[in-house]
Amino acid sequence: MNINRDFKVTQNEGNVVLKDGTQLNMTAPNYMYLQMLQNYVLEILYVIDDFCKQHNLKYYLGEGTLLGAVRHQGFIPWDDDIDLFMPREDYEKFFQLAKDGLPEGYVVDTPETNPKHWTCFSHVEMTRTVPYIKKRLNGIALFPGPAVDIMPIDYVPSDSSKELVNRGKLIQTLRRAMWIKSGLHKRSWYKTLKRRLMLYYPLKTYGMFRSFESFHKQINALMTKTNNDESKYATIFSSLYETRKETFKREYFGTPKYVPFAGGMFPIPQQADKILERVYGDYFGMPQVSNRKSKHFFSINDKLLNQVSEPEILELVNEIKQLQLSEKVRIAKYQAEKAIIALPQAEDTKLIDPFEHATNNPIKYDTVEPIKKVRFVSRVIRFAKRRIKRVLKIGIRILAKLQKDEIRETINRNLKTPVKENYVIFDAFSGLGVLDSPRTIFKNMLKRDEFKDFKFIWTINNAKIAKHNLEEFAKSKNVIFVKRHSKKYAKYLTISKYLVCNSSVPMYYAKREDQVYLNTWHGIPLKVMGYERIGQRVNSTENVVRNFFNATHVIGANHFTAERMFKQAYMFDGIYGGKLLDEPLPRTDTPKIISREESLKRLAEIGIKTDKKIIVYAPTWKGKLYNSVNIDLTELKTAVKTLKSRINTKEYKIYLRVHYFIYRAISMDKELSKICIPFTIDTNELLPAVDILISDYSSIFFDFLGSKKPILFYVPDLADYSENRGLYIPLDKMPGPVSENLEDIADYINNIEQVKEQYKSNYDEMFEWCCQKEDGNVTNRVIDDVFLNKNCETVNCKNNKKKLLIMADFTSNFVNKTKLLNYIDSIDYDKYD
-11 MNINRDFKVT
-1 QNEGNVVLKD
9 GTQLNMTAPN
19 YMYLQMLQNY
29 VLEILYVIDD
39 FCKQHNLKYY
49 LGEGTLLGAV
59 RHQGFIPWDD
69 DIDLFMPRED
79 YEKFFQLAKD
89 GLPEGYVVDT
99 PETNPKHWTC
109 FSHVEMTRTV
119 PYIKKRLNGI
129 ALFPGPAVDI
139 MPIDYVPSDS
149 SKELVNRGKL
159 IQTLRRAMWI
169 KSGLHKRSWY
179 KTLKRRLMLY
189 YPLKTYGMFR
199 SFESFHKQIN
209 ALMTKTNNDE
219 SKYATIFSSL
229 YETRKETFKR
239 EYFGTPKYVP
249 FAGGMFPIPQ
259 QADKILERVY
269 GDYFGMPQVS
279 NRKSKHFFSI
289 NDKLLNQVSE
299 PEILELVNEI
309 KQLQLSEKVR
319 IAKYQAEKAI
329 IALPQAEDTK
339 LIDPFEHATN
349 NPIKYDTVEP
359 IKKVRFVSRV
369 IRFAKRRIKR
379 VLKIGIRILA
389 KLQKDEIRET
399 INRNLKTPVK
409 ENYVIFDAFS
419 GLGVLDSPRT
429 IFKNMLKRDE
439 FKDFKFIWTI
449 NNAKIAKHNL
459 EEFAKSKNVI
469 FVKRHSKKYA
479 KYLTISKYLV
489 CNSSVPMYYA
499 KREDQVYLNT
509 WHGIPLKVMG
519 YERIGQRVNS
529 TENVVRNFFN
539 ATHVIGANHF
549 TAERMFKQAY
559 MFDGIYGGKL
569 LDEPLPRTDT
579 PKIISREESL
589 KRLAEIGIKT
599 DKKIIVYAPT
609 WKGKLYNSVN
619 IDLTELKTAV
629 KTLKSRINTK
639 EYKIYLRVHY
649 FIYRAISMDK
659 ELSKICIPFT
669 IDTNELLPAV
679 DILISDYSSI
689 FFDFLGSKKP
699 ILFYVPDLAD
709 YSENRGLYIP
719 LDKMPGPVSE
729 NLEDIADYIN
739 NIEQVKEQYK
749 SNYDEMFEWC
759 CQKEDGNVTN
769 RVIDDVFLNK
779 NCETVNCKNN
789 KKKLLIMADF
799 TSNFVNKTKL
809 LNYIDSIDYD
819 KYD
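Going by my numbering, the sequence shown opens with residue -11, and the numbers climb by one from there.
Calculated directly from the structure, the hints in this document are not laboratory data.
Check the hints yourself; a few may be wrong.
Here are the simulated lysine-lysine pairs, PhoX-like style, with alpha carbons at most 25 Å apart [as the list claims (entries may be wrong)]: (1) 408 / 431; (2) 87 / 46; (3) 479 / 440; (4) 213 / 150; (5) 515 / 555; (6) 431 / 404; (7) 465 / 476; (8) 485 / 443; (9) 87 / 205.
Could you build the full structure based on these sequences and the hints that come with them?
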């Protein structure tokens, strides 16, 4: 039996942390038991695979099993079942042959073999005694132990038609009625009176007048209704996901390709990536730790354990029981040779070895009576938590709707008010603080006499995070702070003549005709942007594009950014009607007018004091999609500790500067928040104090070029990031060494003078094309153009082509979509944009 013992556990919760740093929401004993169960279902998979090869039947790994094969080359570490997809013709042939043809110890559970068959797909179950039982299925399934689910693939003419949606909903309703009839669904599951009246009681009554056989007959008729060669799409009606989500182009399945899975080679669909992307979106992104636990309700049956005859299993069970003894006791129970043990809470999250620690903490037994009291109290607490959580969810939904209504009403009311010619509203990083290029423009305007009568409004999302910014400008009478998404925010967004933003404002904002909107953006791209992103859904960038095309002015940063990012990646060329300014980012003025001493003083004001040389590690955001964030805090902590252990800490001090998307998560971590430089100090006010910059794909290094100080690139996920995101600049052209391991980065720090000399030519070459116009007077030129109509240089985005706008109904049938695509292919792009 293949069991992974190479893991640690967190000291405070006792949860498993795998070798690759993945943390699970389960204790070590539970994880070991889960692996035993995975081995049992894997055994069934091998039986099915041999049977299909013997009879020339086609099948694919599906659902979470497919995701595990692609992302983990095996089970998802917290998953406990296997799902398979099988074309309808092979599906029916398989269960006819397997009914009497499977090896001894395995049986098929279908409507033909089980009069209480409760699902609209079938199962292969293990008949021999194992210590696992699915209590919910006791008396319903033939054998309520380990099983593999096999779902039929059916065919439909469209992937989004109303008929498909309605058919899927009817199948789901009939399936729910079967569940209730079988006893799988209890009345208590329908927690509200409304759901009981609308779902449970009607379906229970309906099921009383129907047999399981009639249910299956109707469901199969609905599933196979359009199974013919003309149907261009394949669908999994029996999935728990919404039907449209589980409907794919027929060719996505095609000839199976074999991939590694838990030590074997098993078939997956030909275009598995497209199937996974449709179902899961960012399928390489890991869920929250709290969700990394088994959800299939298997339990260990002690009585069955006594009947297991396999020595290997009994030995493993004894090992797990010894592992249970290693956990410190908070509440102990002794009852019929069973112990329930929990780890105590601890301040730190240090990793301990569960096997090494096993003998040092003997179990402490308590009487049964206190346990009963504790169990009763814990049940009451759990019930109260559920009720409170439900009330809070409903309350939050109501408040969110009221807030949206209030914002909409505020905007509509203020649209009747003329714009205020002397009002400027600033937004940096979606309200993170007074930061970046908007800050530079704002501070410059405060000093200039032309703007002494202006009102400056700053949007703030979290007053605690922006505390130092609020204090910094508290005495300025013409500066107003408003909370993002508040009624005041909506008001000022509507009536202010000028808007200055470095990212994007909400979807509910539409620029008025006489408003001026300057978008400064917040970096020079190293990673691929916009519509050039690999594997990105178009709608994930829609609000960014909407903001750019709403803007009257956009800052081009340099020739490369203007041409590649704006004109090409965001399709400004020939379409954008505003001014693309041929100017660097205004924030680049800051390091030229602030000295190292002033920067250190600014850091000291927010509690960061050091007399050592400063190293800043600035990793980027790594979400595949615009609204997706992927950050591993354990990996970040390990990186910092490794660097500290290999460099001279008497000479250097390491700090973190992270992307604004992940700053909130870092600031809430006890360990990392101590070395994370808060966003209340602007990045460009920080850079003069930095001696060495370590980055990966963050555009911060472009701003640091002007300092002529060394830059190192730590890219542990280079291959994956290049494949999923893509890079504009070849790594051999970077202004510093690039490495995938921290040991090299530490060596570069210890020999930094040699590194500077070695990469001088690369550094100078990039400085030349990136920073050529950074002369310390950029902000004045931008202000003169935007606010005083003194034109500065622009990048031409116009051409003489006619503009063609196509309005498409994407809910229409396949034939109309084909006509639309054919029409788009026929357009003469030399004449039309």
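Hints and how they fare:
At roughly 20 Å between alpha-carbon atoms, residue 408 and residue 431 fall within 25 Å of each other, so this suggested pair holds. At most 25 Å may separate the alpha-carbon atoms for a hinted pair to count; residue 87 and residue 46 meet this at roughly 18 Å. For the suggested pair residue 479 and residue 440, the alpha carbons sit about 22 Å apart, so the restraint of at most 25 Å is met. At roughly 15 Å between alpha-carbon atoms, residue 213 and residue 150 fall within 25 Å of each other, so this suggested pair holds.
Using a Cα cut-off of 25 Å, the hinted pair residue 515 and residue 555 holds, with the two alpha carbons roughly 16 Å apart. With a C-alpha separation of about 31 Å, the suggested pair residue 431 and residue 404 falls outside the 25 Å cut-off, and the hint is violated. Between residue 465 and residue 476, the direct Cα distance comes to roughly 17 Å. Compliance with the 25 Å bound is thereby established for this hinted pair. For the hint pairing residue 485 with residue 443, the CA-to-CA distance comes to about 11 Å; that is within 25 Å, so the pair holds.
A hinted pair counts as satisfied when its Cα atoms are at most 25 Å apart, and residue 87 with residue 205 qualifies at roughly 19 Å.
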